[in-house]
Amino acid sequence: MGYFHFDVPDLADNISALRREVREFISGELPAAEDSGDGFCPEFSRKCGQAGFIGMTWPRRYGGGERSYLERHVVAEELLAARAPIRAHWVADRQSGAILLKYATAELCKKLLPDIARGECYFCIGMSEANSGSDLFSIHSRAEKTGDGWLINGSKLWTSHAHRTQYMIALLRTSAPAEDDRRFGLTQFLIPMSAAGVTIRPVYNLAGEHDFNEVLFENVLVPHSHMLGKIDEGWKQVTDELIYERSSPDRFLETIPVLYELIRLVEPRPDARAAEGIGRLAAQLSTLRQMSISTAAGLDQARMPGMEAAIVKDLGTCWEQDLPSKARELVTFRPGEPYRVFDETCRRAMLLAPKLTIQGGTTEVLRGIIARGLGLR
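Read in order, the letters of the sequence shown correspond to residues 1 to 377 in my numbering.
If you're looking for bench data, these hints aren't it; they were derived computationally from the structure.
No experiment lies behind these values; they were computed from the predicted model shown.
Just so it is clear, CB atoms sit at the ideal spot from N, CA and C, and this is done for glycine as well.
Hints are not guaranteed to be accurate.
Now the in silico label distances, taken between C-beta atoms and shown as ranges [said to hold, decoys possible]: (1) Glu209 - Asp181: 35 to 45 Å; (2) Arg19 - Ala302: 17 to 27 Å; (3) Val341 - Tyr204: 18 to 28 Å; (4) Arg269 - Ser16: 40 to 50 Å; (5) Glu209 - Ala302: 50 to 60 Å; (6) Tyr339 - Ala195: 45 to 55 Å; (7) Ser16 - Arg61: 25 to 35 Å; (8) Ser16 - Ala178: 43 to 53 Å; (9) Pro268 - Ala106: 54 to 64 Å; (10) Gly37 - Ile200: 13 to 23 Å.
Using 25 Å as the maximum straight-line C-alpha spacing, the simulated DSS-like pairs for lysine-lysine come out as follows [what the hints assert, rightly or not]: (11) Lys236 - Lys102; (12) Lys145 - Lys230; (13) Lys110 - Lys47; (14) Lys236 - Lys145; (15) Lys326 - Lys355; (16) Lys230 - Lys102; (17) Lys145 - Lys111; (18) Lys110 - Lys230; (19) Lys102 - Lys145; (20) Lys230 - Lys47; (21) Lys110 - Lys236; (22) Lys111 - Lys47.
Please put together the full structure from these sequences, using the hints given.
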């Protein structure tokens with residue numbers, strides 16, 4: 001029987017100092033940020049780079065700060081809680097840079113990581129496909145080796161901000177799966193989004209906004225050096241990449257404005273029912289936060305807490321998706337601007353809620369990972 005670890009680390013004094021530093025940065029830079037409305041603001045990303053808030057755990061020779069994952073967690077948490085427009089650099093900082101460090105050539109790292117750390121180079125994720133969803137074993141997009149490099153054909157779906165990024169790290173099939181191992185035959189590749197043969201089609205979400213995309217590859221040629229890691233063994237690499245994504249605080253903070261507006265609406269004297277409901281929501285949020293901090297500590301200890309990250313993502317997604325309806329249950333209609341803002345915030349969160357299950361792995365996939373880790377399947 002397996003088990004999981006959520007040990008809460010002791011936060012050093014420098015963590016509190018860093019938190020104050022980030023809050024001062026936010027108070028100075030956030031009001032001037034020209035947010036596009038969906039959190040994508042290249043100028044703010046460059047400011048984050050100048051402040052040393054991107055690539056914090058990376059080696060200094062690549063523009064990083066050689067700081068801990070706990071320190072990065074503090075920065076991420078503060079930026080997300082403040083709803084800072086960090087979408088431009090977020091994927092590259094959260095996971096793509098770590099994958100490049102582990103599996104890319106030194107030349108690619110020297111070329112790309114400093115630009116990412118400056119907030120000037122953006123990445124998207126190439127995992128899901130039509131008719132595959134979170135079942136990455138069943139992907140069909142292929143990479144075939146040629147004398148000049150790798151020829152890529154196929155498509156990826158739900159690629160957030162692909163129309164605004166310079167690179168994708170894509171999982172592609174390079175061999176047929178083995179009869180006894182469906183994981184075999186998958187390889188990761190670095191694909192420039194400006195390469196000939198790449199076509200990007202918008203996919204609008206329920207709120208009518210364009211952040212998702214379908215990306216088509218038609219005879220896209222990438223150099224041999226753009227294959228990341230070992231051929232046919234990309235599944236392990238993707239598993240590691242998803243740990244960075246699933247354990248991050250954005251896995252439970254995407255609908256946090258609902259809680260903010262709920263508190264503003266009922267203060268300063270909430271009735272007993274609202275006070276109890278907000279208390280429960282805050283306690284759940286605090287627990288998720290501690291679990292996420294624990295996974296960051298695990299990364300600092302050179303562990304890859306895959307099952308723990310899956311638990312954080314599963315519980316976090318459920319909390320995020322339930323928050324709008326639970327918040328509505330705690331208040332009655334009140335004429336005036338505060339209620340209108342609260343109502344609109346809930347409406348928007350409910351429209352965005354379905355995508356939270358898609359990104360980072362569906363609930364069913366995550367619970368399968370947890371069950372397997374506990375020895376239950």
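Hints, verified against the model:
Checking the proposed 35 to 45 Å range against glutamate 209 and aspartate 181 shows it holds: the Cβ atoms sit about 40 Å from each other. The given range of 17 to 27 Å is respected by arginine 19 and alanine 302, whose C-beta atoms sit roughly 25 Å from each other. Between valine 341 and tyrosine 204 the beta carbon distance is about 24 Å. The supplied range of 18 to 28 Å therefore holds. At about 32 Å, the CB distance of arginine 269 to serine 16 disagrees with the hint of 40 to 50 Å.
Checked against the hint of 50 to 60 Å, the pair glutamate 209 and alanine 302 fails, with Cβ atoms roughly 39 Å apart. For tyrosine 339 and alanine 195, the Cβ-Cβ distance of about 50 Å falls inside the hinted range of 45 to 55 Å, so the restraint holds. The hint said 25 to 35 Å for the Cβ distance between serine 16 and arginine 61, and at roughly 29 Å that hint holds. The hinted window of 43 to 53 Å between serine 16 and alanine 178 holds, with their beta carbons roughly 51 Å apart.
For the pair proline 268 and alanine 106, the supplied restraint of 54 to 64 Å holds, since their beta-carbon distance comes to about 58 Å. For the pair glycine 37 and isoleucine 200, the supplied restraint of 13 to 23 Å holds, since their beta-carbon distance comes to about 20 Å. Taking the CA atoms of lysine 236 and lysine 102, the gap is near 12 Å; set against the 25 Å cutoff, the hint holds. Restraint check: the Cα-Cα separation between lysine 145 and lysine 230 comes to about 14 Å, which is no more than 25 Å; the hinted pair holds.
Between lysine 110 and lysine 47, the direct Cα distance comes to roughly 21 Å. Compliance with the 25 Å bound is thereby established for this hinted pair. Proposed proximity of lysine 236 and lysine 145 is supported: the alpha carbons are some 21 Å apart, at most 25 Å. For the hint pairing lysine 326 with lysine 355, the CA-to-CA distance comes to about 19 Å; that is within 25 Å, so the pair holds. The straight-line distance between the Cα atoms of lysine 230 and lysine 102 is roughly 11 Å, inside the 25 Å bound, and the hint therefore holds.
Distance hint between lysine 145 and lysine 111 is fulfilled; the C-alpha atoms sit about 24 Å from each other, no more than 25 Å. Pair hint lysine 110 plus lysine 230 holds up; C-alpha atoms about 20 Å apart against a cutoff of 25 Å. Between the alpha carbons of lysine 102 and lysine 145 the distance comes to roughly 22 Å, so the proposed pair stays at or under 25 Å and holds. Only pairs whose Cα atoms come within 25 Å are accepted, and lysine 230 paired with lysine 47 is rejected, the gap being roughly 36 Å.
Taken as a hint, the lysine 110 and lysine 236 pair is honoured in the structure, with Cα atoms around 24 Å apart against an allowance of 25 Å. The hinted pair formed by lysine 111 and lysine 47 meets the criterion: a straight-line CA distance of about 20 Å does not exceed 25 Å.
Hints 4, 5 and 20, counting from the list given before, are not met by this structure.
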